[in-house]
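Can you build the whole structure from these sequences, using the hints too?
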Amino acid sequence: MPASRTLYDKIIDRHRILSLGEAVGAGERMLLYVDRTVLNEYTSPQAFSGLRDAGRRLWRPEAALGVVDHVNSTDPVRGAGSSDGGAQRQIDYFVQNGRDFGIEIYDVLHPRQGIEHVVLPDLGWVLPGLVIAAGDSHTTTYGAFGAVGFGIGTSDIEHLLATQTLIHHRLKNMRVTINGQLPTGVTAKDAVMAVIRLIGAGGAAGYALEFAGEAIRGLGVEGRMTMCNMAVECGARVALMAPDGKVFDYISGRPRTPPAAMLERAREQWVALATDAAAHFDAEVALRAEDIPPMVSWGTSPDQALAIGDRVPHPDDLPIDRRADAARAIAYMGLAPHMPLEDVSIDRAFIGSCTNARITDLRDAARILNGRRVAPGVRAMISPGSSTVRREAEAEGLDRIFIDAGFEWRQSGCSLCLAMNDDMLAPGERCASSTNRNFEGRQGIGGRTHLMSPAMVAAAAITGKLADVRRFSPLEAL
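So that you can map any letter, position 235 of the sequence shown is 324 in the numbering used here, and since no number is skipped, the others follow by simple counting.
A portion of the hints provided could be inaccurate.
[As the list claims (entries may be wrong)] The calculated label-pair distances, taken between Cβ atoms and stated as ranges, are:
hint : residue 1 : residue 2 : range
1    : D511      : R462      : 20 to 28 Å
2    : Y421      : G175      : 25 to 33 Å
3    : V166      : E111      : 56 to 64 Å
What the hints contain is simulated information worked out from the structure, not anything from laboratory work. Please read these numbers as outputs of a predicted model, since none were measured by experiment. Even for Gly, the Cβ is constructed at its ideal location relative to N, Cα and C.
Okay, here's the thing in structure tokens:
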């Protein structure tokens with residue numbers, strides 16, 4: 090074991106049960122203990138069916154929590170499930186699985202229901218140093234707490250539930266350092282979009298990506314979650330940030346957080362998880378925070394993004410290996426080369442998803458929307474990340490700001506992020522979206538998605554076009 094190690098390697102070494110091969114370092118095959126998992130109704134049914142067929146029980150049911158989030162309706166008047174028969178069967182089977190296997194389930198009507206990656210931090214169930222695996226690629230979100238989180242497939246879910254372990258191949262280490270301070274009006278979403286644009290959609294494949302630098306330390310915990318959440322969009326299996334006092338404060342006092350005396354004892358160990366000064370990284374990337382502008386995506390991959398003041402690229406101006414993808418994306422998105430991004434009109438505006446639907450995201454959007462109105466012809470929706478966030482926003486009066494501005498104030502769920510429920514774009518509709526993916530059809534067949542921060546979505550909703558939020562009112566970086 091090297092004398093100097095990264096945050097990722099320290100956590101993995103603490104959870105390695107045994108090596109399963111000769112390789113050491115990156116690529117080492119091991120049996121890994123997993124502390125916790127969160128389940129949803131979409132990716133877990135086959136795993137439970139497999140457990141039933143094999144006659145297996147769960148090794149540690151108290152280490153799992155189930156949340157209905159993907160297929161449920163977010164209609165403002167909440168019913169028990171979904172009007173879609175197939176979706177309702179998924180929810181019903183999920184609830185039955187929880188009952189049969191002894192797992193706590195947050196169904197649609199549970200007061201803490203929401204998107205899984207919002208609900209767990211709401212609860213204080215994500216702690217530094219943990220390994221959390223789940224059937225959703227955005228499990229990387231938990232890296233904001235200094236926890237190793239990664240997405241797994243259905244067969245892995247079955248194995249995890251039965252044994253509390255997984256086979257894991259040790260990743261290489263990449264560090265992305267963002268020096269300096271983010272400018273006014275630039276948020277964590279802009280920062281991570283700038284990183285993804287710089288290194289590409291596959292730039293961090295095979296790596297555990299650690300974010301570092303003054304700009305990262307300056308972010309609030311929810312901004313850090315946004316960055317770790319979207320790190321998977323540049324291929325990172327794991328994203329991490331060193332836990333600090335902001336994390337300890339965020340965790341403290343939440344419903345599932347350990348008692349204060351235990352937290353205090355753990356704090357010293359959590360601080361020691363930070364990457365050692367002499368630790369080796371297989372790849373290093375650095376950005377200047379001052380150079381990051383408000384970002385929007387123009388194409389159909391998260392790395393096809395630009396500063397809001399830029400123009401749609403001409404494929405001929407790009408490296409030859411990117412031209413075909415760019416031409417296809419421009420055609421799908423209904424754009425024209427060299428078109429100013431601020432000339433792009435929108436039909437829909439959406440604030441939601443596990444990337445940007447936390448209370449700080451809603452506050453950001455509300456600061457822009459307060460006293461303003463959504464442009465005629467634009468349908469605008471907000472789906473808070475959880476019922477807890479929704480109640481908190483209502484207690485602060487944010488719901489009135491959104492409703493007065495012309496936004497629909499909906500219930501919590503994945504909603505328009507991925508068109509697996511009754512929220513989706515019609516073919517050809519264009520959406521300013523705070524979500525994480527702009528793939529073809531992601532928000533509905535033929536729908537066109539432009540990724541951006543919640544404040545940028547608010548600005549777009551007001552103008553009816555992609556817009557620079559800095560022209561509205563000052564924002565502080567999260």
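Looking at the structure, which of the earlier hints fail to hold? none
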